[in-house]
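Starting from the structure of chain A, add chain B where the hints point.
In order, the protein sequence lines correspond to chains A and B. Mapping to the numbering used here: the first sequence position 347 is 347, numbers consecutive. Mapping to the numbering used here: the second sequence position 347 is 347, numbers consecutive.
Hints may contain errors.
It does not matter which identical chain is used: a pair holds within one copy or between any two.
Unchecked claim - Keeping only pairs whose Cα atoms sit at most 25 Å apart, straight-line, the calculated SDA-like set for lysine to any residue is:
1. LYS146 - GLY325
2. LYS146 - ASP78
3. LYS146 - ARG172
4. LYS146 - THR344
5. LYS146 - GLY174
6. LYS146 - GLN362
7. LYS146 - PRO7
8. LYS146 - ARG15
9. LYS146 - LEU109
10. LYS146 - LEU3
11. LYS146 - GLY263
Treat the hints as calculated values from the structure; they're not laboratory data. Note that this is a predicted model, so its numbers are computed, not measured.
2 protein chains.
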Amino acid sequence: MHLDELPTPALLLDRPKLERNLTRMADRARRLGVRLRPHVKTHKSIPIGSRQLELGACGITVSTLQEAATFADAGFDDVTWAFPVILSRLDELARMADRIRLDVLVDSLVAVEALESLERPVSVFLKVDCGYHRAGVDPASPLARKLAHRIEGSGRLRFAGLLTHAGQAYHRRGREALLEVARQERDRLVELAEALRADGIAVPTVSIGSTPTMSIVDHLGGVDEIRPGNYAFYDLSQVVFGACEVSDCALTVLASVVSAQPGSRRGVIDAGALALSKDAGPTDLGHDVMGALFADYDAGRLDRARRLVGLSQEHGLVEGDFTVGERVRVLPNHSCLTAAQFDTYVVVEGDTVVDRWPIARQR
Amino acid sequence: MHLDELPTPALLLDRPKLERNLTRMADRARRLGVRLRPHVKTHKSIPIGSRQLELGACGITVSTLQEAATFADAGFDDVTWAFPVILSRLDELARMADRIRLDVLVDSLVAVEALESLERPVSVFLKVDCGYHRAGVDPASPLARKLAHRIEGSGRLRFAGLLTHAGQAYHRRGREALLEVARQERDRLVELAEALRADGIAVPTVSIGSTPTMSIVDHLGGVDEIRPGNYAFYDLSQVVFGACEVSDCALTVLASVVSAQPGSRRGVIDAGALALSKDAGPTDLGHDVMGALFADYDAGRLDRARRLVGLSQEHGLVEGDFTVGERVRVLPNHSCLTAAQFDTYVVVEGDTVVDRWPIARQR
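Isolated chain A, as found in the complex (with noise of 0.2 Å):
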């Protein structure tokens, strides 16, 4: 099928820009000398999983114990849950940890205290802070030795080491400045595994990893796993972050103009908030700003006259000259919300259909 008979809204995924950037970041984690652990929340497709593993990840992250059961159905055995232990569902996380080799993370006495209560030992990643400010121990703090003692001292848990974020190179532009926190997140991390092994604690992983930081950082030393997962699809915000080229982005909507008032120079598309997320991008790209229109996707060129100015639930409003029927490439802000809009990705090369893959959406 081509492009053109496929109804609209649709999230089109470019299967060889895929290929391209999975391949890259897989022989970038060798060069650097790490193990690649992809962050699937991006994706949570069971292919593109797959496809990760041929290329030699070691296993996958996820940020919901949902993705985790999606994929250990599908065969992965080897998960790190990348987010601060719900305490609400410790039952759940107990049976997925006798499935698979499961790995979760703390930064609380709290949620230490809850995790020795279970009658299975649970592997721990102590979440650090290195800059930040969402979750995580500060690793400057007694709270981040203290804590790493009392998991590795309790002989209910296994210490997994210690795992870091550096959300905070989503605030940063160029690469003079990505480059800066990708160097903080790691001697972060890596300093304070040194600390605590100069303390008697074996630290058996170091896990960093976003995205924009390990598309640009210098070495590895003393880190042991990436776990970058935005990679696979790279968006509008990590163009403005510097951290890849339009013509990296895979993931696009396939919208139709359905509305153009003759001499009004705006227009409805049906991609809206539910196809597009209303994630606004970097503060850079305005308000304003909900995505950006392709005037030639093949060369990788945005359009600069005309505009997506504003989301409601199914309506996306845009600014120029539109012809009501015509279709529009939209690049998102954001491709980890939009693919999370949608129930199937349609791969695509060039312009033709080739596959229809499910994403594993559920909540």
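Relative to the frame of chain A, chain B by itself:
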């Protein structure tokens, strides 16, 4: 099951509040002398749609053909697809029009011509812009009359009437401002209907409605049908608009605190963008208010000391004093988009789970 036993995040639907909201709008439509055709994009739920019919609704409004299919499968046979016809879905539209009574809407000659090309006659509303400036023809323009004449005289189409949605209400605040929009929505449509009738065109139905305008409008003389949707649940945005009170809001997200660093006055809950959606709400809320925490749900009292300031994919960032493991109840900015992030309503009465209803969010 008690709420305290529920794994989080969970989408809670307060059945007594839902019932009260549904009853109130049904009564209001009767008092105003109009038919009620609720928009089911808000809930995407068969049990709720069925209850709306029991309470007197004349049919339903949908935003997508997938929604139409879900409800048609459950026996709903009178549906208005309130979105400008998507030309890439004409086959699907024609199949649906063979199954049920389906009214569609257009605001362009291109769409009229496309519908005329179908083998079966289709029932068509003219979509009118009453001041929102999203889709719809300007009621004062020659195009409005031209399209109405064209549809009525086509011989291939049935003219269903005029339809509008006063989305501009979402940019107004307080009773007086909303009332002004509600009158505008009503008067522009009624005036156009009268002008067309004076031209000899039969206008079977004048259909208007948004939740804020229909919650407040003073009379509906000349209007046949209203199509509010959000009123089933309401949300924080509707409270800000002045369309409801906090105690009317039936949909909340139950979340757990998963991280709270000592002394930091910040924390993380397990309801992020894929639970609440990244709808930033009306600008009055500020771009850093992604929903509100309840201080006391039963008293309808929001927390003024603790705030939800940001969302990433699965993380909700909160400010204030929090304890890991603590449960919080979140009032979303926009209940329609929040519901569409979940598969299931956990139906509650007080603190007790009484049912679970699926959410048809297929795309």
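Tested hints:
1. LYS146 - GLY325: between (62 Å within a copy, 20 Å between copies)
2. LYS146 - ASP78: neither (28 Å within a copy, 64 Å between copies)
3. LYS146 - ARG172: neither (32 Å within a copy, 53 Å between copies)
4. LYS146 - THR344: neither (45 Å within a copy, 40 Å between copies)
5. LYS146 - GLY174: neither (37 Å within a copy, 53 Å between copies)
6. LYS146 - GLN362: neither (37 Å within a copy, 47 Å between copies)
7. LYS146 - PRO7: The answer is neither: 57 Å in one copy and 29 Å across copies each exceed 25 Å.
8. LYS146 - ARG15: Neither. Shortest intra-copy (47 Å) and inter-copy (46 Å) distances fail the 25 Å Cα cut-off.
9. LYS146 - LEU109: Within one copy only: 9 Å inside a chain, 71 Å across chains, cut-off 25 Å.
10. LYS146 - LEU3: Neither: 57 Å inside a chain and 34 Å across chains, both beyond 25 Å.
11. LYS146 - GLY263: Classified as between; 16 Å across copies, 67 Å inside a copy.
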